[in-house]
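Q: So the chains spell out like this:
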Amino acid sequence: MNFPVMKAFRHPIPALSALWLVLVILAAILADLSPYDYDIQALSEAYRSPSAAHWLGTDEFGRDLLTRLIHGARTSLSVSVTAIAISVACGMALGAAAAWFGGWFDRAVTVTVDLTWSFPEILIALILVAIIGPGTTGTMVAIAVAYLAQFTRLTRAQILTLKGETFIEAARSLGAGNTHILTRHLLPNALAPVLVSAMLATGDAIILEATLGFFGLGAQPPVPSWGGMMSAGSALIFKAPWIIIFPGLMVAVTVVAINLAGDALVASLDIKAKLRGPI
Amino acid sequence: MSDLLSVTGLTKRFQSGGGLFQRPRAMMAVREVSFTLARGEVLGVVGESGCGKSTLARLVLRLIEPTGGELRFDGTDLRALSPAALRKMRQRMAMVFQDPYSSLDPRFTLAQILAEPFAVQGQTPPDPGAMLETVGLPATMAQSHPHQLSGGQRQRVGIARALALSPDLVVLDEPTASLDVSIQAQIVALLTRLRQDRGLTYLFISHDLGLVRYFCDRVLVMYLGAVVEVLPRADAPPRHPYTAALQASAFVPDPAQRRTLAALTGEIPSPFDLPPGCAFAGRCPRASDLCRTRRPALDQGPHPVACFHPLKD
Amino acid sequence: MSLLQLADVSVSIGQVALLDRISLSVGKGEILGLVGESGSGKSLTALAAMGLLPLIGGRITGGAVAFDGQDMAAMTEVQRRSLRGRRIGFVSQNPMTALDPVTRIGAQIDVVSRLHLGLTRAQARARTVDLLTQLRIPEAATVAEAWPHQLSGGMKQRIVIAMALAGDPDLIIADEPTTALDVTVQAQIIQILGALVRERGLALLLITHDMGVVAQLCDRVAVLYAGRLAEEGPTAPIFAAPGHPYTRALIGCIPTEGMAKGALQGIPGTVPGALAFPSGCRFHPRCPQAQALCRAEAPQGNPACHFPGGADV
Chain A
374 MNFPVMKAFR HPIPALSALW LVLVILAAIL ADLSPYDYDI QALSEAYRSP
424 SAAHWLGTDE FGRDLLTRLI HGARTSLSVS VTAIAISVAC GMALGAAAAW
474 FGGWFDRAVT VTVDLTWSFP EILIALILVA IIGPGTTGTM VAIAVAYLAQ
524 FTRLTRAQIL TLKGETFIEA ARSLGAGNTH ILTRHLLPNA LAPVLVSAML
574 ATGDAIILEA TLGFFGLGAQ PPVPSWGGMM SAGSALIFKA PWIIIFPGLM
624 VAVTVVAINL AGDALVASLD IKAKLRGPI
Chain U
173 MSDLLSVTGL TKRFQSGGGL FQRPRAMMAV REVSFTLARG EVLGVVGESG
223 CGKSTLARLV LRLIEPTGGE LRFDGTDLRA LSPAALRKMR QRMAMVFQDP
273 YSSLDPRFTL AQILAEPFAV QGQTPPDPGA MLETVGLPAT MAQSHPHQLS
323 GGQRQRVGIA RALALSPDLV VLDEPTASLD VSIQAQIVAL LTRLRQDRGL
373 TYLFISHDLG LVRYFCDRVL VMYLGAVVEV LPRADAPPRH PYTAALQASA
423 FVPDPAQRRT LAALTGEIPS PFDLPPGCAF AGRCPRASDL CRTRRPALDQ
473 GPHPVACFHP LKD
Chain D
194 MSLLQLADVS VSIGQVALLD RISLSVGKGE ILGLVGESGS GKSLTALAAM
244 GLLPLIGGRI TGGAVAFDGQ DMAAMTEVQR RSLRGRRIGF VSQNPMTALD
294 PVTRIGAQID VVSRLHLGLT RAQARARTVD LLTQLRIPEA ATVAEAWPHQ
344 LSGGMKQRIV IAMALAGDPD LIIADEPTTA LDVTVQAQII QILGALVRER
394 GLALLLITHD MGVVAQLCDR VAVLYAGRLA EEGPTAPIFA APGHPYTRAL
444 IGCIPTEGMA KGALQGIPGT VPGALAFPSG CRFHPRCPQA QALCRAEAPQ
494 GNPACHFPGG ADV
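Protein chains in written order, with our numbering: chain A, 374 to 652; chain U, 173 to 485; chain D, 194 to 506.
Please keep in mind that the hints were generated in silico from the structure rather than gathered at the bench. Please note that the accuracy of each hint is not assured.
[Stated by the list, open to error] Just the calculated beta-carbon pair ranges, DEER-fashion: (1) U:297 x D:331: 50 to 58 Å; (2) D:484 x U:297: 40 to 48 Å; (3) D:338 x U:428: 43 to 51 Å; (4) D:342 x U:302: 46 to 54 Å.
[Stated by the list, open to error] Which bits of chain U does chain A cover? Going by a derived footprint, with three or more residues having C-beta under 8 Å, they are: (5) 268-280; (6) 473-484.
By construction, the Cβ of each residue, glycine as well, lies at the ideal position given by its N, Cα and C atoms.
Bound conformation, chain A alone (with noise of 0.2 Å):
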């Protein structure tokens, strides 16, 4: 692949971040060969610290910590992951929209966006929860929503610009209609920093999931999230600290990664918008 994209990831920081994200990814994915199953509890093998039968330990159920925290990241990706995808695909049409149409339409959705953005996300994703009720779809949902104000906002940004630029002009000039516009220039030309911005804001999505888990509003036991066992460790602090030390590490190493590895993508892109050329 020769892509400039990947200039980014030549530099040992990035490429280990980038590594470690494609471990979790795959963990996740490949989650149902883990040696052990997340829900049988056998109590006589409870509070095992690390072995080699148990690398991480085991929890108050008995259950192999590893095995767990490889289910934990199937739940917490894919919550963050979905919402966050769900928020940039809503963002972007209500952002272009806004941008394109201007007017009342504009002030409204302005407004709106700059009220949700005045309030703390994890208010916002608590409140949501409450009323949907606790799980794996509220947690979604209360993401999704926590942050469809940035991309709104970014989105509307990025085709204001745009809209201002003499291709969009040419385009016109040769008789080119709005749809042809809006989907052959304006849109693509947005979609690369509202895609880096939501690369950083899924590690922020995950830290959420891992509160509204902690809180106990995120998945429900047995299944398991990073949030969750946290939550079930923080009382075993002093008798198993492992049982809260490995899921904690787990969300903050994967968001330093995704906070690195975005950086350098950002600074790819950049270098990309001094060119103006491809992505």
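Keeping the supplied structure of chain A fixed, place chains U and D upon it in accordance with the hints.
A: Below, chains U and D alone, put in the same frame as chain A:
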């Protein structure tokens, strides 16, 4: 010779401001402009920034809607066309833009850029290589992106795109203003050749009177939205003091012909706040009290000029 | 006695050699025009003359820059910094970005003379108003209180020139000072610069791509192509009989009165990048009279051409 384009009393009024704390202000970007453009002719429009020449270019193609006036293209009333009919009509009139950097979509390859005119008109695009070759670029460039090209090469792509659908009229909005003089000359030579080969009709917008006189058959001189003089031939001596000043400001590449430059002093007045008389009176060496109170109209002679005290023909 | 002298200056950025043995000199009361297309190395030469190459990661790899007889390489950075602004004034191409948008005009000029001449606030303001008046700015005291956004492009460029003059320099380096301006305003600025040199005995290094500007203003001209000097000498003889084909081509790029249609052809091709400098004479791929010798061997001398004056071969 039939007129390809006929413009009568074309006017565009822009409004600005009008927020919470500002009263809206209006300006006449283009005021009562009339001209005809014969098939095969090259008509120049010259003036300084803010004189309305770029607005005029867009009005003529109905890329912006006129406030008033009449616009006939090959007998068709352009202002009466439905949006769909206008889009269809755009095959026959094209535009080349000033900034070759922002006029090409950075994500497109040259092949995609040159296919776009056909795509929007529902036609099958021909080989992009041949189109590149007509504007003097190698066919092998078809898969390049704009950022790999120099300014002059990009402008050639802009010209190829404008000519893609074989239009009758091409509006050239300062196509060389952001290029080096050496590249400007290349582009002008290319435009000359294409015109001869294809019998094109050009409306050529520029701030450079020397270039316009070289390239065009007739020249409209604009000042603050209005036509102040129509040079019936490219080499006609100026009658309006403003045209004379433009000519005197040109840098002739001959040290033996050094002249006292800058016949003009003062600044162009704000278009929002025009003086009651002739808009040029404040900078004009020939201005009288009459000029400061009444606005001169463009006379209807063989060499029209809007001036109470024109220079001798 | 030359004030600024570049003797065989070569410049590299990283491993890439960009300028090759450039020799220039500007004396008091003299205007030197440095011409060439974009990418010829004009601005790089200006940076080298001001000791500002480190800003862009460049360095002098051969030759020397001397200001008023002193080798700039032997100075400390502090000495060089006091030279710039105090004895060397710089006028940049884009007046829109050269001014601080959140500081009033007068204050921006005052600070230069307070810093470099040690004037008090009141003295500095008096000097600023005096300078603005010399630059033919009406109501200079009022303009000094204005914000940059309230002024036109031509006005801003005069403010930038005033800033360059505020430290009472001996040398002004102006990088395309009129390119972004309207023709009539260009003529005003060029006339002001010419008058300043004559009245104050300044030295002016004027960078431009327009041979017309050179012909109208400069005493001497240095033609730069792809990092090498093509030709250097007094303006009148060079325009009367250009020795280098590149000089001839640059002059021929400007449309003049009475030029036959189709006579304007421009220079084919583009300036090569530093990574692809051709062998021998770097102009040979674009030169109408290039011979085998031109491809093989770099010409020496002034003009740097194997067949100066277009010798028929």
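Q: Hints numbered earlier in the text: which of these fail when held up against the supplied structure?
A: 6
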